[in-house]
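Residue numbers (our numbering), protein chains in the order written: chain D, 1 to 141; chain W, 142 to 528; chain P, 529 to 898.
Read the hints as simulated data drawn from the structure, not as lab findings. Every residue gets a Cβ at the ideal spot worked out from N, C-alpha and C, and that includes glycine. Hints should not be assumed to be uniformly reliable.
Rough simulated footprint, nothing fancy, chain D against chain P, three-plus residues with beta-carbon under 8 angstroms [to be verified]:
{"#": "1", "stretch": "763-770"}
{"#": "2", "stretch": "828-836"}
{"#": "3", "stretch": "863-869"}
{"#": "4", "stretch": "885-892"}
Estimated spans, in silico, between C-beta atoms of each pair [said to hold, decoys possible]:
{"#": "5", "chain 1": "P", "residue 1": "F795", "chain 2": "W", "residue 2": "D192", "range": "27 to 33 angstroms"}
{"#": "6", "chain 1": "P", "residue 1": "G658", "chain 2": "W", "residue 2": "V369", "range": "14 to 20 angstroms"}
{"#": "7", "chain 1": "P", "residue 1": "R709", "chain 2": "W", "residue 2": "E421", "range": "36 to 42 angstroms"}
{"#": "8", "chain 1": "W", "residue 1": "E421", "chain 2": "P", "residue 2": "Q632", "range": "21 to 27 angstroms"}
{"#": "9", "chain 1": "D", "residue 1": "P134", "chain 2": "W", "residue 2": "G149", "range": "33 to 39 angstroms"}
{"#": "10", "chain 1": "W", "residue 1": "E166", "chain 2": "P", "residue 2": "P800", "range": "36 to 42 angstroms"}
{"#": "11", "chain 1": "D", "residue 1": "V6", "chain 2": "P", "residue 2": "E871", "range": "37 to 43 angstroms"}
{"#": "12", "chain 1": "D", "residue 1": "F51", "chain 2": "W", "residue 2": "N143", "range": "52 to 58 angstroms"}
{"#": "13", "chain 1": "P", "residue 1": "A728", "chain 2": "W", "residue 2": "K426", "range": "26 to 32 angstroms"}
Every beta carbon over 12 angstroms from chain W, so not counted as near; a handful from chain P, in silico [what the hints assert, rightly or not]:
{"#": "14", "residue": "Q670"}
{"#": "15", "residue": "G674"}
{"#": "16", "residue": "G706"}
{"#": "17", "residue": "E740"}
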Amino acid sequence: MKDAFVPNIVGFLCNWCAYTGADLAGVARLRIPPSLRVIRVMCSGRIDPLFVIKALLKGADGVMMMGCHPGDCHYQKGNFSARRRFVLLQTILDSLALEPERIGLSWVSASEGQRYSKVTTEFSEKIQERGPNPIRDEIFV
Amino acid sequence: MNGSKLPGAQDAEKSVLAFLKTGLEKRCFEAVMMSHRVPAGDGYAYVLIKDPALLEGASPLPPVIPVQGAKALSALTRWGPPKETILAVMHPCEIRAAVELFKLKQASLDHIVFLSFDCPGVMPLSDYVKNPGEADRTYAAARRKWESAKMRPLCRICNEFVPAASDLHIGLLGAEEGSAWLFPVSPEGRRIMDSVGLETAVSSDAWEREAAERKTVREKERQEAHQVSRDRVSGPDGLLAAFSSCINCHNCMRVCPVCYCRQCYFDSEAFKLPPENYVERARKKGSLRLPADTLLFHLGRMSHMALSCVSCGTCEDACPMDIKVGQIFSLVADNAQKQLNYLPGRSREDPLPASVYQEEELEGVEKPYVETYSRTGDRDGAGSENQ
Amino acid sequence: MAQVLKINKSVDQGLTAFLEFLLKEKKVSGVVTLKKNRGGPGISYALITRPEELDGARPLFPLMPANSGKILSRLTLRGPLKDPIAVVLKPCELRALIELVKRQQGSLENMIFISQTCPGVYPLEMSVDGDLDALASRYQDQVQSGQHIPEIRPACRSCVHFTPQNADIIVSLIAEAGLDRSCSLVLNSKKGEALADGMAGEKREQDLNSQELAHFSDHRKTARLKLFDEMGEKTKGIKGLIGLFGKCIGCHACGNACPICYCNLCFFESQPNESRPNSFRADLEKKGAARIPAGTLFYHVGRLAHMSVSCVGCGMCMDVCPVDIPVGTLFSRVGESVQKTFEYIPGSKIDEPLPVAVFKEEEFAQLGEG
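Next comes chain D alone, as it looks inside the complex:
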């Protein structure tokens, strides 16, 4: 019996690596979670921690940050900042017991269509096990 819950996942993908990798996965008809919504940014360094927080508070079940592997950033250093910001987010969510497992960071290069499929599917499965984000139903957020 198929589980009714399909996780709503928001993915912030950098244009040069992750988004291209995702495109490659699509072209190759590789498996991608059905309700992963992709938002393209030019660099993972553009991802403001507030985007992730807003997505979670609006009820997203999972949020992914994806970009180039460290050292390969199209703009040299953006993903290093992204990595630090992810750590900041993780620490804050952990402190508040707001399920830091609902956010994920993955480095996916432009040629890694297979890897894109793998990491997104794994993340989505983890989120599905976790269940829907309890913030979804809250009015007083």
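Start from chain D and add chains W and P according to the hints.
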């Protein structure tokens, strides 16, 4: 006008909630904006409610005003009106402030229907926060008897507890304890009553008489209170003493419904001066209080918003140093508004007094200056025909 | 071993006499310290240039009407001080100022810092009735007796950074015997020594009493752990956060009182953050109701994302909250977590960069590659 006695006589709140429930179920309005208890039970917040089941924790006659309703309405409609009708249950001062914000282009009133009520006032926020359970009980008792002794200082002297710009009004004054009337004040209000299925057969005479009597008493109390405030802040010493413990947190400005600027002038670059400015001022007087310009902030804010001040008292609720800022601003606001024959929130059609003028007006104010400066010879001899 | 100047007056009078000496001898062009308000109740910071005006000065008064780091940042925002000014401030205020200067929000040039080992201050609401003298004498007795003062703010009760690191002169208050007869100024830097040169008093070599301070610190550490654990339990998960912030009125008093929050126009007060009509419709459909104004939790979690790395635990946020939410305890707790993760102590070293502004090419290697 003719209205209806709301069915269900145990408690006015319950009968109003029943009316709202019917309205939502029958889609007479799409949603209701009103106060709702917060999950922890220690406060209230404005909530836009579409699902009638969620009316359970809502309170049309809440004991406190944590967020001024006009500010909430502005947050809802600043960027555009709702597509369908929303019934907004607000206190009279909140409705008046909403009308002012509409004139200031910070809120839209399209598709907004106001439901007001005879407001006995609300409790000071700090009293409520100290012991919410007890405050709820105190307020419920005070509301049933329409007693204002435990309410905020500005509420106790409020003479505009029946708003003119409302669409529907819940009459509590003159009604039997626990019951309430519903009067249609505007055609829109009448339409809603019709669609909910409430007859408009009961005369409002009894209510109007009682409300008028109370208003007369209140007007007198207001004058007396303003005189006390005036005596307290008279002269530069009085005003300095009144604002002496101000820590410049600017809470009063931020919670004020009329203060809508995203960046207040008094927080802007104009007040970020080079150190030489402060050091020089300190040198001149021997000592300079920091942060500086406390009185300038308050007097400046008065000059910006006094003409639209509805004396709601939210500023006083927010002050961490318990300064009687609301009472002082109310005194100044009343006087300024009287000079220009203006009552904020009375009507959408009244233009903002500072944005219009007539070529011939305010001669009483102008006269002494005209006399002094058109006098020839005595002063500096310029223009004297005897020279 | 540091040099200590011992002035034979009570600690308050001794420090005031020292400030008077500084002004009279023109060692500084002004002093910034707490001063009783003339013509009305309350106490505020003042920039004093004339010695006579030190009359109402109460440098060690147990109140923080504002975080003076914010005030000093404002004072030097448009440029550094041209002449030396001595500033009397508490350790958390100095740390906040350093964090602000790292963000280009002021300058430390020509500022000489006189701080203290801080026993804590009373909540602002204790001063609302205006009887400052009663407060001052009560505080004096409590500090003198060496006890951990019960009525000080929660932020102070849980503070473990009560010994300032970057001060030029430190007034020894904690675990100091005889505060009613002597004022001990630890000269912590060359600037401090130069300032004290010529001031009447005994000079000797002595450090702050490290054993007593360690003991004091242990007590504080325990209190901090307890307070933070309780807060952690209370705010677990979304229900916990909503329970804490349910009554929040979105006035942003906490952000405005916070020394670290310096933005001219806070993101959360700007246009992009305002709700559009459609956002309400979506919530109405999905949940049947929507809170107005929206974004109560977004403000707090967002503000944590912005400033938790520099939170100095000064507790101003709690003093100004109109609905008594213990914001500061939550923020300090999350701040501590974040600062530990980045191995950063705010306000400790002026040339230590902000962890969010730098990165290492090799770090957190386990992230992202799974």
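Here's how the hints hold up against the structure:
Requiring three or more residues with a Cβ within less than 8 angstroms of a Cβ of chain D, the coverage given for the stretch 763-770 of chain P holds, as 8 such residues are present. With 5 residues having a Cβ less than 8 angstroms from any Cβ of chain D, the stretch 828-836 of chain P passes the three-residue criterion, so the hint holds. Counting residues of the stretch 863-869 of chain P whose beta carbon lies closer than 8 angstroms to any beta carbon of chain D gives 3, which meets the minimum of three for the stated coverage. Here the stretch 885-892 of chain P counts 5 residues with a CB under 8 angstroms from a CB of chain D, which clears the bar of 3, and the coverage holds.
P:F795 and W:D192 have their C-beta atoms about 32 angstroms apart, which keeps the hinted 27 to 33 angstroms range intact. For P:G658 and W:V369, the hinted distance range of 14 to 20 angstroms is satisfied, since their beta carbons lie about 19 angstroms from each other. The hint said 36 to 42 angstroms for the Cβ distance between P:R709 and W:E421, and at roughly 39 angstroms that hint holds. In this structure the hint that W:E421 and P:Q632 lie 21 to 27 angstroms apart at CB holds, the actual value being about 24 angstroms.
About 36 angstroms separates the C-beta atoms of D:P134 and W:G149, a value consistent with the hinted range of 33 to 39 angstroms. W:E166 and P:P800 have their C-beta atoms about 37 angstroms apart, which keeps the hinted 36 to 42 angstroms range intact. Separated by about 40 angstroms at the C-beta atoms, D:V6 and P:E871 satisfy the suggested range of 37 to 43 angstroms. A beta carbon spacing of about 55 angstroms between D:F51 and W:N143 agrees with the range 52 to 58 angstroms that was offered as a hint.
Hint check: P:A728 to W:K426, Cβ distance near 29 angstroms, so the stated range 26 to 32 angstroms holds. Interface exclusion of P:Q670 from chain W stands, the closest Cβ pair being 23 angstroms apart, more than 12 angstroms. With 12 angstroms as the threshold on Cβ separation, the claim that P:G674 sits away from chain W holds: the shortest Cβ distance comes to roughly 30 angstroms. Even its closest Cβ contact with chain W, about 31 angstroms, leaves P:G706 beyond 12 angstroms, as expected for a residue assigned away from the interface.
The claim that P:E740 lies off the interface holds: its Cβ sits roughly 33 angstroms from the closest Cβ of chain W, which is beyond the 12 angstroms cut-off.
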